[in-house]
Amino acid sequence: MNKSTRGMSRRQFLKNSAAAAIGAAVAPAFVRDAFAATRDRVTIYHSSVADNMNPYKHSSSPIYGQWQHVFEPLVEYNYKKKDYDGILADSWQFDGKRWVIKLKKGIKFHNGAPLTAKDVAFSIERMKDEKSGSLQGSNFKDVTEIQTPDDLTAIFITKQPLAIFLDRLENRFIINKAAVEKYGAEWEQHPIGTGAYRFVSYQRGGNFVFTRNDDYWGGKANVKEAVFKKVTEDAARLAALESGQCDFINNVPVHEVARLEKHPRVKVDKVEGLRMFLLAFNVAYKPFDNKLVRQAANYAVDADSIVKNIFEGIGYANHGPVGSNVVGADPKLKRYPYDPKKSQELLAAAGYPNGCDIKLYYSAGRYPKDTEVCQVVAAQMAKGGFRVDVVSQEWATFWETTGVNGGKLPFYYIGRGSLTDADTLYDQYFRTGTTKRTNYSNPEFDKLVEEEQKTPDMKKRTAFLQQAGKILMDEVPYIPLYNLADIYAMAKNVNWKIRPDEKVLTWDMAVK
Amino acid sequence: MRRFRYFKVFAGGMILVGLIVCGVAAPMIAPYDPQEQRLEARLQPPAWAGGAAARYWLGTDNLGRDILSRIIYGSRISLLVGATTVILAGLLGCILGGVAGYFGKGVDELVSKVTEIFLAFPFLLLAIALMAFLGQGVVNIILALMMSRWVQYCRVVRGEVLSLKERDFITAARALGAKDFYILLRHIAPNTLPSVTVVATFAMAIVIISEASLSFLGLGVPAYIPTWGSMLSEGRSYMTRAPWLTIFPGLAIFITVFGINLLGDGLRDLFDPKLQRQ
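Taken in order, these protein sequences are the chains called D and H. Under the numbering used here, the first residue of the first sequence is numbered 1, with each subsequent residue one higher. Under the numbering used here, the first residue of the second sequence is numbered 1, with each subsequent residue one higher.
Derived by calculation from the structure, the hints in this document are not laboratory data. Accuracy of the hints is not assured; some may be wrong.
[Unchecked claim] For the chain H half of the interface with chain D, some residues (derived, Cβ under 8 Å), not all of them:
1. 42
2. 218
3. 224
4. 238
5. 240
6. 241
[Said to hold, decoys possible] Which bits of chain D does chain H cover? Going by a derived footprint, with three or more residues having C-beta under 8 Å, they are:
7. 246-258
8. 371-379
Yeah, the Cβ is synthetic: ideal placement off N, Cα and C, and Gly gets one too.
Sequences are here, hints too, so could you generate the full structure?
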């Protein structure tokens, strides 16, 4: 082989290598500036980003937030007002078994077509069609018919009066009927909504990109382009933000907050999250069929200590059946105080004088510090007379019909997201027949939930929920734990109105 | 030169002996129960580095458990997995390698093909796949590492046997009417022992690192058993806040592997006839 075909002499190779090494060492200094947040683009590294392009094929709060750039819901809960804001809906009326929704005038889809009631009916039917992959159909299980008397009116007929229907309409995005019919099976590749941003591109595990919709009916957003990327490792997201690779991250580990607050280029913002964490019992299994055992367990777990020590005080222990900001919370109801002695006594009274062996299931990595929490719970419960074996399962095994939703796990650690109204938790976990998650069944409790769901008057509804909560606190099919803070960190020049529902919306951002 | 070789064997051996003592006598040496949580004393720095509580020599972890005690107990898993895997993989590898080398032909062909298949897999990837299939547990981790480790022995022993079986003393034994099995066991096996010992020491170092890697990835032993790998994994999110959570288990792995490699290196030098003549 002669010199020319070899391409590079050894000396040249060494020179080039040295140059490359110096370049690699210096480059990050330049990259840092290039990636600082600008009005042109904000890059968001998030622990949870859409895994597919079907806006209905998931049921996860952060992913709703991403799709909401393109598509919009009829209504949205306003956490400050504690009431619903109309987004696409102008007004609504609850009238027995009918919900009449009037749409706003003059809203256009990205393809120029006007928004009509037909699009609304079409979208809801799509969601109900579980064969299309939708995971959001159960929200409309009580809807028997959708009428569209004119272009701006949609009427939902329900089996029984459904006071909480607006809650079911939240995060239910409206797609364009004509566009879906035009693209047929390919419709997912052409997301056309009414939102403040237009869809640009999506790569699974890569970037999910939106660009500003300059014709948006609600006014132009400040940031021109939004890029979401899924980065599941906490430390990796943090390192990316600190090095300037991205401008915004979620789920900042609590133990890093103090350090980041002193960081010259980064700021931290936190808010009490809507996700409530609990330890649920499935009462179909021994020993949890015994109320005394469940009460004993409630005495044995010290939620305050977990918040204080594991979450460094950045969390909110539940002092009743639900968090204090939730509709249906009752300041008069108190959680069981931490009292391991009392726990042992109750266990003895329940027929377990020598304590009992139980397993605590969870899915490692799903929630912040879940392994640590479960280890601490096990140690706390040991003092109350329970010998706890902690078992982690992979999420799908844990969550699906092989686990929680098949009623297969006797005792597990879980978080219920988007919990603004106690009804969501009560209906889903404790009402007879909704799910198999706890197999708890109490006719008196069921009756209260039924009453509450058809009562439009908020005061009366709250009273029903409070009565239901009282039953739960006596029978304790679960151990209420805490709500955590949602902690975000961002480049200093990003101003963002923080929200408690795990959604990151870039039209809420202003870049200086 | 020779003295240095003895020094390597001695120093490496001492580290290994220290590890064995730690593992066997863990309940006696460890100052605390490795599982006991003291949340009020979590993330305490080591006593000599400004720790408020002088009781924790290497500090405490994120749940207030004593790091020194956990490292001492962690040596049990490293040792158990390391020694058992090396012995089992050694037995399997030596038998197959010996048979392949001695009998040659079809047997050799078959064994060599199988070893090549195993060698084609990156070692850790194979171990991870096996662990995902078998599930957590000490026995499973030993099995998984053994399945991915025996090939090295097999290759070395086969090579040795190929050259040994042509030597005069084997021919002599055969001329005297010795059976194949007898020759393999009495004449060939002892002669492969030096090489096998060297392979075994290096394998042990690799196996200990692999166990730590699998535990780090959460594929090792169940979470309540302290291991160095899982300590590293749990501590890594506290790297900036409390580096002692990762530094000490990391050092434990480093020192152990260094010691075993030193021993292996020393033994190789001792057994190497070329070096001995110098």
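Any of the earlier hints contradicted here, and which numbers? none
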